[in-house]
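Undergrad: Using the hints, put the two chains back together into the complex; each one sits in its own frame.
Okay, here's what each chain looks like letter by letter:
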Amino acid sequence: MSRVAGAEVVEIELPLREEVIARLEMGEMCHLTGVIYTARDAAHKRMVEALDRQEPLPFDLRGEVIYYVGPTPPKPGAVIGSAGPTTSGRMDAYTPRILDAGLKGMIGKAGRSRPVIDAIVKHGAVYFAAIGGTAALLSRSIKKVEMVAYEDLGTEAIRKLWVERFPAVVAIDCHGNNIFEEGFKKYAAE
Amino acid sequence: MRVIDVAEVTEKIRDMSIESNYNVDPDFLARIESAKSSERSPLGLNILNQISENAALASADRVPYCQDTGLSIVFADVGQDIHLTGGSLESAINEGVRQGYRDGYLRGSVVNDPLRRENTKDNTPAVIHYRLVPGDRLVLYFAAKGTGSENMSMARMLKPSDGREGILRTVVDHVFESGGNPCPPILLGIGLGGSIEKAAQISKWSLFRPLGRPSPDPLVAELEQDILNAVNRTGVGPMGMGGDTTCVAVHIETYPCHIGALPICINVECHAHRHAEVEL
Chain A
12 MSRVAGAEVV EIELPLREEV IARLEMGEMC HLTGVIYTAR DAAHKRMVEA LDRQEPLPFD
72 LRGEVIYYVG PTPPKPGAVI GSAGPTTSGR MDAYTPRILD AGLKGMIGKA GRSRPVIDAI
132 VKHGAVYFAA IGGTAALLSR SIKKVEMVAY EDLGTEAIRK LWVERFPAVV AIDCHGNNIF
192 EEGFKKYAAE
Chain B
432 MRVIDVAEVT EKIRDMSIES NYNVDPDFLA RIESAKSSER SPLGLNILNQ ISENAALASA
492 DRVPYCQDTG LSIVFADVGQ DIHLTGGSLE SAINEGVRQG YRDGYLRGSV VNDPLRRENT
552 KDNTPAVIHY RLVPGDRLVL YFAAKGTGSE NMSMARMLKP SDGREGILRT VVDHVFESGG
612 NPCPPILLGI GLGGSIEKAA QISKWSLFRP LGRPSPDPLV AELEQDILNA VNRTGVGPMG
672 MGGDTTCVAV HIETYPCHIG ALPICINVEC HAHRHAEVEL
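Protein sequence lines correspond, in order, to chains A and B. Quick note on this note's numbering: the first sequence kicks off at 12 and runs consecutively. Quick note on this note's numbering: the second sequence kicks off at 432 and runs consecutively.
Calculated directly from the structure, the hints in this document are not laboratory data. For glycine and all other residues, C-beta sits at the position ideal for the given N, C-alpha and C. Accuracy of the hints is not assured; some may be wrong.
Which residues of chain A face chain B? A few of them, derived with a C-beta cut under 10 Å, are [said to hold, decoys possible]:
1. 40
2. 42
3. 53
4. 81
5. 82
6. 86
7. 94
8. 98
9. 121
10. 122
11. 126
12. 145
Residues of chain B placed beyond 12 Å of chain A at every Cβ, according to the derived structure [unchecked claim]:
13. 436
14. 544
15. 562
16. 570
17. 589
18. 590
19. 647
20. 649
21. 653
Next up, chain B with everything else stripped away, as it sits in the complex (with noise of 0.2 Å):
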């Protein structure tokens, strides 16, 4: 059985922290670069210029790229044959979380409680997902969620007989009602099927696939494909102040569901695409 300290973990999370802030998804930023070409609005070109500037200058000066630096998102991936030791794994994640935001002067944005909304500081506790699997190794993946494109994601429960055209029409809908909130450019993760929460939790999961690999199912594939021709035809553009440039890639993970049931949940994704993976 391998043994792992979880003062690794520590580490790692502290350093994804601060790495992924002041370095968001290089290929978030290619896409942006890309677009350029065919953003006929001259506003939207504008705001996709000041979105490269800002890139770069956070990089080169390593400050944060966005001042919301996010809630921690952690998927654990734990190999079913590793034994943990030096304490909780919970614990650890949080003190990296800790460090993390204490150390690369990331802004603390959560608060303690959702009614008496006292501010922790330091940024925890971090939303962990635990996901058991067979093998020996510790896979940590770290997101820094923006909420300003987390508040505009969504979930409902559709009708199975609303099928691929009623899917359609509730993201282009929704995309358009959020209009600039989620700042567009913007990365859409759905999920489909499951219950209620496997929806929202496999939507999560997919905004850290690669950006823009396609779904490995090729039904599956063309409707993220047709959901992103659709929502850059609406018109939101650049941070919803009118363009072509509304989304990037749109990423699709499904479950299996219940016979009388579709669910959806559209996590939407701000262009601050913050996220790392670590194996250990």
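Okay, chain A solo, but in the shape it has when bound (with noise of 0.2 Å):
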């Protein structure tokens, strides 16, 4: 794929150490390698109620990153479908409840919510954007899938998926810098 003009994109091994969080900056290219975990809009549901029921979940969050998609039915041979990012302000209501869960990543499209961001801050988690509408691309990114829960919400179930650089833009770094507040600075004309 192709590179940002004179920057190297960043190999990143999952799970994410914290080591490597904290060098992450807003705006580099990132290529993603190990297992994530897919969950959209029913299942962050589901998590948050089950959190407040004190029940355990269905995976443990504790150092992993959740990827925002519904992917296609995966067509005869094929591993998975399309499998793009959602957008992520839709997560905003569920997200700190899963950052103090322990979550360290999230990859989706588009900015995020204040409360949202103060939660990367404090836990010191990293939000990656992937590049909306290239669902064909991104899936051959993805080598394995896995069910893991909620399998009745079809697209919306949570999968684990291991990935091989998987392609990411670092969005909003462990230090609450934005890529969707300071992105177009440089590019607005007035």
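TA: In structure tokens, the structure reads:
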């Protein structure tokens, strides 16, 4: 894949280590390799309801990365269907709770609310943006899929994905630098 | 009187839903290609390249361009001299969606009810707009509308005194505030005038216009161009991460309105611009 002119792509092994997160800077292009979990609207709602009832979650969130995605059904023989990021803002209502429970990274698209950014800083986490709409391309980085929980939710179920060199941008780093607040400034005419 | 069996409608809707999801509008992709030469943001350029690469892969592998294979939108222009047989037109359209989303391995993204929210699993029902027109033709327009961009759409009742400047400011502010949410580069479909629902309907309809074709009304065409230029000066850029390429075209449809009203609806379309049409 193409690179940002003059910039190296940062290769990241998952799970995320604290010293790796600490070095990541807003705007850096990364390739993620390792295990991530899928969850979007309905799965987040169920996880937070489980936390409210003090029930165990379907997987241990500590140190993990969640990818906001609801893939298309796989064609016969395919590992997964098309699998690009969905709008992260819809998860904002749930995200601080999920970060409190130990999540370290998120992959989605577009901006986050102030409480989410504050929680990212508080927990030393990171938010990556994958390129919305490039779902056919992104699915090529997904090598294996396993159903984890909430299978009745269909596309919204929680799945475990093994990814190799999954392309993403550091959108909000652990210091709270936010590309969706900073990125436009250099290119705005007035 | 011309007789059309609605089974033909089912087949066409099925085929359009699959093809449009694998092959997005080539005119949109051409605009992204030409924007690359003027995009100053290295990250923005990288994103435009990923978008092109994704489009080529989706077409070649015959897989969906985006995992959000959309809410199915249908405009059906029904000639008043046609006799439809074989069942209800609405059922035939929904059967086409059902078959297309099943056979094309497209995602069922529709819930049965806004409060109960149970997935219907086959992407039905479609949102259908019927228009009765002269003649003996049935024209079907299909769009797979992604919700990242649909969620960034808005309607507002401006005052007549807001005028052209108010329209421009409303659109530009809205695009800026939407940031990366609608997956820029975007297409803006704007409905001006009518009533609140008319403005919404014509804003959706404007998305079916051949990309970038100016309004036949020179006053409207000038406003389209001014909005396009202003939106591309916001710096929002590809995926909202900064750059010059925020919007590839602005389509405005207008309708007469009340002396005391200036309704506007902005229907935002993402770069997964999927639409097709067929005449029966």
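Undergrad: Are residue 81/A and chain B close enough, Cβ to Cβ, to be under 10 Å, as the hint says?
TA: holds, 6 Å
Undergrad: Hey, does the residue 82/A contact hint survive, CB to chain B under 10 Å?
TA: Given a least distance of 5 Å, the restraint on residue 82/A holds.
Undergrad: Classify the label on residue 653/B as holds or violated, using whether its beta-carbon is more than 12 Å from each beta-carbon of chain A.
TA: holds, 19 Å
Undergrad: Double-check residue 145/A for me: the hint is only fine if its C-beta lies closer than 10 Å to a C-beta in chain B.
TA: Since chain B brings a Cβ to about 4 Å from residue 145/A, closer than 10 Å, the hint holds.
Undergrad: Quick one: work out the minimum CB distance from residue 544/B to chain A and report holds if it exceeds 12 Å, violated otherwise.
TA: holds, 14 Å
Undergrad: Measuring Cβ to Cβ, find out whether residue 647/B lies farther than 12 Å from everything in chain A.
TA: holds, 30 Å
Undergrad: Taking the closest pair, is the beta carbon of residue 570/B still more than 12 Å from chain A?
TA: holds, 28 Å
Undergrad: Given residue 122/A as an interface hint, is the shortest Cβ-Cβ distance to chain B below 10 Å?
TA: holds, 5 Å
Undergrad: With a cut-off of 10 Å, does the beta carbon of residue 121/A approach a beta carbon of chain B closely enough for the hint to hold?
TA: Interface hint status for residue 121/A: holds (4 Å vs cutoff 10 Å).
Undergrad: Holds or violated: is the Cβ of residue 562/B farther than 12 Å from all Cβ atoms of chain A?
TA: Since the minimum Cβ distance to chain A is about 30 Å, residue 562/B lies beyond 12 Å and the statement holds.
Undergrad: For the hint on residue 53/A, does the least C-beta distance to chain B fall short of 10 Å?
TA: With a minimum Cβ separation of about 8 Å from chain B (threshold 10 Å), the hint on residue 53/A holds.
Undergrad: Does residue 94/A pass the interface hint, meaning its C-beta sits closer than 10 Å to a C-beta of chain B?
TA: holds, 5 Å
Figure legend: structure checked against the earlier numbered hints; hints not met, in rising order: 2, 11.
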